[in-house]
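*Asks:* Here are the chains, one letter per residue:
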Amino acid sequence: MTFTSWQFGIFVGLVFVTYYLPLVRSFQVQWLVLASLAFYGYGQPELLPLLAVAVLGTYLFLILAMRDRSVWLPVGIVFNLLLLAFFKYKFLFVDPASSSGVGVASIDFVLRLPLPIGISFFVFHNISLLVDLTRRKASPPALGDVFLYIIFFPQLVSGPITRAEMFMPQIEPKSFADIRFVEAAKWILTGFFFKLYVANNLNEMTAHMAFPLFETLQTQDRWLLVVLYSYQIYADFFGYSSIALGLALLFGYRLPLNFNLPYVAASFSDFWTRWHMSLSAWLRTYLYIPLGGNRSGLGRTYLNLMIVMGLGGLWHGAGLSYLAWGILHGLLLVMERAITPRANLADSTLFRWIKSGIVFFCVTMLWVLFKLPNFDQALEYLWGMFVPSTTPNPTKLFYNLALLYSLPVILQHLLPRPSWGPLQRRAEPYLYGAMAALTYLEAGPETSFIYFQF
Amino acid sequence: MRQQRIIEARWLVRCAASAGLLLCAAGLATAWIGNGVQLPSTSTRDGSLITLNRYVNEPVPDVVLVGSSLTFRLKEEYFATSKVRNLALAGGSPLTGLEIVANRSRIPRIVLVETNVLSRSVDIGLVEMYSKDDNAYPWFARPIRTAVALYENWMHAPPTLEQAAMRRARLFDQHSEPFDNRTYVDRAFQQFDVDEQSSAVRENAERIRRLTRLLEQRGARVLLLEVPFMDRIEEARSVKATRAIVHAAFPEQERWLPIAVDRHGLRWADGVHLDDRSALIMSQAIDDALKALLPPTSMTR
Chain A
1 MTFTSWQFGI FVGLVFVTYY LPLVRSFQVQ WLVLASLAFY GYGQPELLPL
51 LAVAVLGTYL FLILAMRDRS VWLPVGIVFN LLLLAFFKYK FLFVDPASSS
101 GVGVASIDFV LRLPLPIGIS FFVFHNISLL VDLTRRKASP PALGDVFLYI
151 IFFPQLVSGP ITRAEMFMPQ IEPKSFADIR FVEAAKWILT GFFFKLYVAN
201 NLNEMTAHMA FPLFETLQTQ DRWLLVVLYS YQIYADFFGY SSIALGLALL
251 FGYRLPLNFN LPYVAASFSD FWTRWHMSLS AWLRTYLYIP LGGNRSGLGR
301 TYLNLMIVMG LGGLWHGAGL SYLAWGILHG LLLVMERAIT PRANLADSTL
351 FRWIKSGIVF FCVTMLWVLF KLPNFDQALE YLWGMFVPST TPNPTKLFYN
401 LALLYSLPVI LQHLLPRPSW GPLQRRAEPY LYGAMAALTY LEAGPETSFI
451 YFQF
Chain B
1001 MRQQRIIEAR WLVRCAASAG LLLCAAGLAT AWIGNGVQLP STSTRDGSLI
1051 TLNRYVNEPV PDVVLVGSSL TFRLKEEYFA TSKVRNLALA GGSPLTGLEI
1101 VANRSRIPRI VLVETNVLSR SVDIGLVEMY SKDDNAYPWF ARPIRTAVAL
1151 YENWMHAPPT LEQAAMRRAR LFDQHSEPFD NRTYVDRAFQ QFDVDEQSSA
1201 VRENAERIRR LTRLLEQRGA RVLLLEVPFM DRIEEARSVK ATRAIVHAAF
1251 PEQERWLPIA VDRHGLRWAD GVHLDDRSAL IMSQAIDDAL KALLPPTSMT
1301 R
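Note that the protein sequences, when read in sequence, are chains A and B.
Here our numbering is used: position 249 in the first sequence is 249, and no number is missing along the way.
Here our numbering is used: position 294 in the second sequence is 1294, and no number is missing along the way.
Source of the hints: derived by calculation from the structure; they are not laboratory data.
Don't take every hint at face value.
Heads up, simulated EDC-like pairs for lysine to aspartate or glutamate below, C-alpha to C-alpha not over 20 Å straight-line [what the hints assert, rightly or not]: (1) Lys137/A with Glu165/A; (2) Lys1240/B with Asp1186/B; (3) Lys1075/B with Glu1162/B; (4) Lys396/A with Asp1193/B; (5) Lys396/A with Asp1288/B; (6) Lys174/A with Glu1077/B; (7) Lys1240/B with Glu1203/B; (8) Lys396/A with Asp1275/B; (9) Lys1075/B with Glu1058/B; (10) Lys1075/B with Asp1288/B; (11) Lys396/A with Asp1276/B; (12) Lys396/A with Glu1152/B; (13) Lys1240/B with Asp1193/B.
Treat the numbers as computed from the prediction; the structure is a model and nothing was measured.
Next comes chain B alone, as it looks inside the complex (with noise of 0.2 Å):
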């Protein structure tokens, strides 16, 4: 009984020592390799995370972009200025990513607010996480993650500023796609033709307003924009209570950025959301708009 226990206890103690040891050969690889390596993400929520790293491990853009998941189509390799961070998040609320921003004590010159989406509320969870300055790295990064990730940005390293001026020059040149997406557009109408939560929605506006006099009190512009819908999503109830709320909270014309775009060039994957080439359309209109506002050394990459 006794020689049993001791083998026991052996048996127990190697087993604690090699999850020891490997815990502490991940800490200092963690230490070598840092928490800058983008870990590849599997689902929505992944992808949030890394570009808001990004945001607070790199230094302060000139243009933050905040919305849902019609700006998070709006890739940053679209825009021809330079250091601009989109922070939107599919599925979550333009308040997170502006409540973030707003938190940090760095700011940037100007931040974009998508209005489309206000129904939502703020992601309390992602605020707290992002908003402090000293943030906490984990001991220990993930070693399939890491690995995966170092294997993928070997294998699909970013483009380079040439690469991502042909891949916009080769998207803009293609054809708009005609797209039968006639079933995810009845889909998205009955989805958006309800009557909206105007009290959400009212709550939001002045929240923007609260957080917007704050980020302008301390040197940056806030501008708001609307992502175009398809014609009919735009006859949506919802759609026009949502646009009538913000519009009335913010009358002032200069409080919107100016965006001249075409929609006869756009073209939308369910109505709701633009495909590549209108997202990048959508960009370089931005784009345009941005030029009065940012010292000409942001605009070139």
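Bound-form chain A, shown alone (with noise of 0.2 Å):
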């Protein structure tokens, strides 16, 4: 059930009239947890039990780390992290199609299960809450309000990765008369029209950068479809964040912002506080601070900065390619901490935009390892960049329709942002009207989130 079908539609109507309900009101939190839990087995239902395993598995810990945190939170994160691992790279040895097996069914079972939708990110939230509540000396939270936290259903699939410190004070009784509703629809609306207007239709684009077909393209056309899809995963995972904010808010949670803006940042460490910006704060709270961050010297900075960014590409998954997505990012961060010192002597407004150009430029281009996570085929897509094309039947495609199709990422990132006036602030309802209709009119074909994937 993806946020764009009708089942999801009809699903969150029904689960929102039923919460406001006075008699509802004392099973709140219960009740989302049960529209979480639904939600979650209507596409997996044998992946269930995993997710009760890993819930309660980390509820267990999370109470033996609040009496002897030195022992018990390492055990818990441990727990999770072989979770996330066995299920995310355990097909790098398994064939799931192999009909031979270990020879005991059950294990054979479990070693066939498909990759749990979310693993990446409920593991993560997992991880969070054991880390948080245990910091504090405070008793241990009810386990529905544990569920809720990391099962809510607008954040369960794809994020964003909130902090358990920022969600548990919000799991309180919700009053139908404190819902923003403006703040909801404007963010729902946004996420679906950048969902259905602009990503779902690049995407029909950017199908063409797929092996084998990007062999049929033009020079010029590979370049372009490099920047469309840099648009495209953008709208799709802004798309479906907007779109998780606002269910969130309409259910009276506030969820954390994931992006601002990325790709007008000057510097790639400005880029990483600007894309999936609850990812970046995760990896630079529980990983990157605890192994030291730039506390012990330039080299082990450096350092620190590989192996965050190293095992944040393999977070997105098993294949070299993600890893090597990783560590170029690294790369790039360690040699802009090194020339940094020299590069702001000429801050200029000028100087600004071409910072911003080189740093969209290699951002872009390292998204083509994400496109193609087959990492001899993602270099060759590379290669195909720089050398003329000798195809002799080129794919066709309408430049028009890529622009205007791209304009509402481009606008959004170029225009400057406005102090809205009465006039602006009087056209608002008309223009998400229009964002509306336009959704509707012009959507692409349904495909999934990108980062449904992961």
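Work from the hints to combine the two standalone chains into their complex.
*Replies:* Take a look at the structure:
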């Protein structure tokens, strides 16, 4: 059940209406937990027990760690990392299509289970819960609250990765009168617009980046498609995150922002404070800083950056391309740190634009590793961007369509932030209405969210 | 609090009203312009829809081609025969087009079925969508695609009959391009040199036989044809196996369109798909073969 399906619309409608009924007011948390389990089980019912094991196991370690943090916190973290590693990387060693197994039915069943949707996200929630709640000496939270924090359906599949210390205090009875309808509507309409109008339509074009279709592309079209994919992946994930934010607001919860115009970033470190902000914040809080951050000298800082970015790459998937993507981002961060003092000397608007251009170029080129997780194919695609194409029958791309579908991303990033006057404020509902109409009329073919696979 | 609620309600009403108005405007524009505008395709599937839309919206042609990407290359403008529709689906099965043709109330005089690729299954979604005569049009056209389509049609209008004839002549007068396609041929050979899914090919051959019988009972003539592969690809196992199965299923000589084409003049982009000039040569060979089957009025554009 994806956010863009009609089934999801009905599901949210039913959950929302019931949630604010006076009879249910005392059971709002339990109702949301039940709804979240139904949401998760709709697609992968066989993986519900795994979700239960992950949450119950984490809860057990949380209780134990509140008694003895030094012993049980590491055990709880290792338990979650093992879960993640097992399901994420087992297919490197096990062929799910193979008829032969180890011979024990239950083990073979587990070995052949598909990658649980959202495992990368709920495992990070679990770790955040263990670390944050055992840091302060408080009584353990109710099991229902823990379940809600980990499996709250708007954020269950692809985040944003919410920190426990931010979410848990929000768990309290919610009232219909407190709903911020306009804010929720803005987030939801923006999210659907970016997903259905921008990302899904661009996906039709970037489908030509797949192997072996990309061999029919002319050199200039390879360049164009890389840029389009850069816009697509942003629109797709920003769209998902916006819908999640809006939905959470309908139920009285505020999730963290995940994006802040990443393609205007003037440095790579700036980019990571604007792109998938909740993951960056998680990695900084729970990995980079515990590793020593930048407090142990330049060499150690560089090493820490490489470790964090390399693991961040592997978090996305078991593949050389993802690892290379993370390591190359790490290298860019290291190189930037080395030259930043000199680069900052010439700080002017023009220089800032040039820096933004360089960051956008590098980030965009590295997205090829995301689009083509097969490392050899990714290299072949990149190589083809620098040599003249010899294909006798190239694919035709409509540049005007590419521009029209990319325009929302470009305008969002390049238009100066408006200080909204009365006129703009009056025009705002009509603008969102136009976006809603265009979303319905011009939606591209259905395709799943890119980050669902992670 | 109450004031805030009123402001929020106004915002939501204005938003919904503007969305509703725009939808109404789009509906009116669709009714005015119609669904006949061919939207530009950005994918193979989209291209298929355009061709199929034209088939169901326009008068029934004399000749229909169904096939895979091999036949897809034989552009309609390459044929001197008037009223040819090419329903071949790149990446698809010939059965999809054949099912659609057979399911409609009015059928063409001649249906040409490519038999090179028969392992693929029918696209049930497409068959269902285009099989009904009362094709339900969408209420709303896609505004961006329609605008781009109008612009593209204005900038690149389809060739007139004279222009198409001139283009055919110009293309035909070109020399065969000695294109170095070894890499692509090697890859295509690997792809085709596998044990064919014989059961799927047999099932599809049987389905063609059944649909042929249905169409011929209603007055159409169904003929089979093979688009030539490059010599090396012809030696691939799946190509040989498919050919053997199809010829065993249709041994009658008169079931096959007699095409006389000089293979030496043909070139392939990748060993499998003909280049433009070769596609023209192949189309003209089909034209020649159709001369004996169609009344003379159909043979001139």
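*Asks:* So, for every hint listed, does it hold in this structure?
*Replies:* Now the hints, each set against the structure:
Proximity of Lys137/A to Glu165/A is assessed by CA-CA distance (about 13 Å); at most 20 Å being required, the pair is judged to hold. For the proposed pair Lys1240/B and Asp1186/B, the alpha carbon gap of about 17 Å is at most 20 Å, so the pair holds. With a CA separation close to 16 Å, the supplied pair Lys1075/B and Glu1162/B stays within the 20 Å bound. A distance of roughly 30 Å separates the Cα atoms of Lys396/A and Asp1193/B; the hinted pair therefore is violated under the 20 Å criterion.
Taking the CA atoms of Lys396/A and Asp1288/B, the gap is about 31 Å. The hint is violated against a cut of 20 Å. The straight-line distance between the Cα atoms of Lys174/A and Glu1077/B is roughly 66 Å, outside the 20 Å bound, and the hint therefore fails. The straight-line distance between the Cα atoms of Lys1240/B and Glu1203/B is roughly 17 Å, inside the 20 Å bound, and the hint therefore holds. Annotation: proposed proximity of Lys396/A to Asp1275/B holds, straight-line Cα distance about 16 Å (limit 20 Å).
Taken as a hint, the Lys1075/B and Glu1058/B pair is honoured in the structure, with Cα atoms around 17 Å apart against an allowance of 20 Å. Restraint check: the Cα-Cα separation between Lys1075/B and Asp1288/B comes to about 16 Å, which is no more than 20 Å; the hinted pair holds. Restraint check for Lys396/A and Asp1276/B: the C-alpha separation of about 15 Å stays at or below 20 Å, so the hint holds. For the suggested pair Lys396/A and Glu1152/B, the alpha carbons sit about 13 Å apart, so the restraint of at most 20 Å is met.
Proposed proximity of Lys1240/B and Asp1193/B is supported: the alpha carbons are some 9 Å apart, at most 20 Å.
Violated hints, in rising order: 4, 5 and 6; the structure is consistent with all others.
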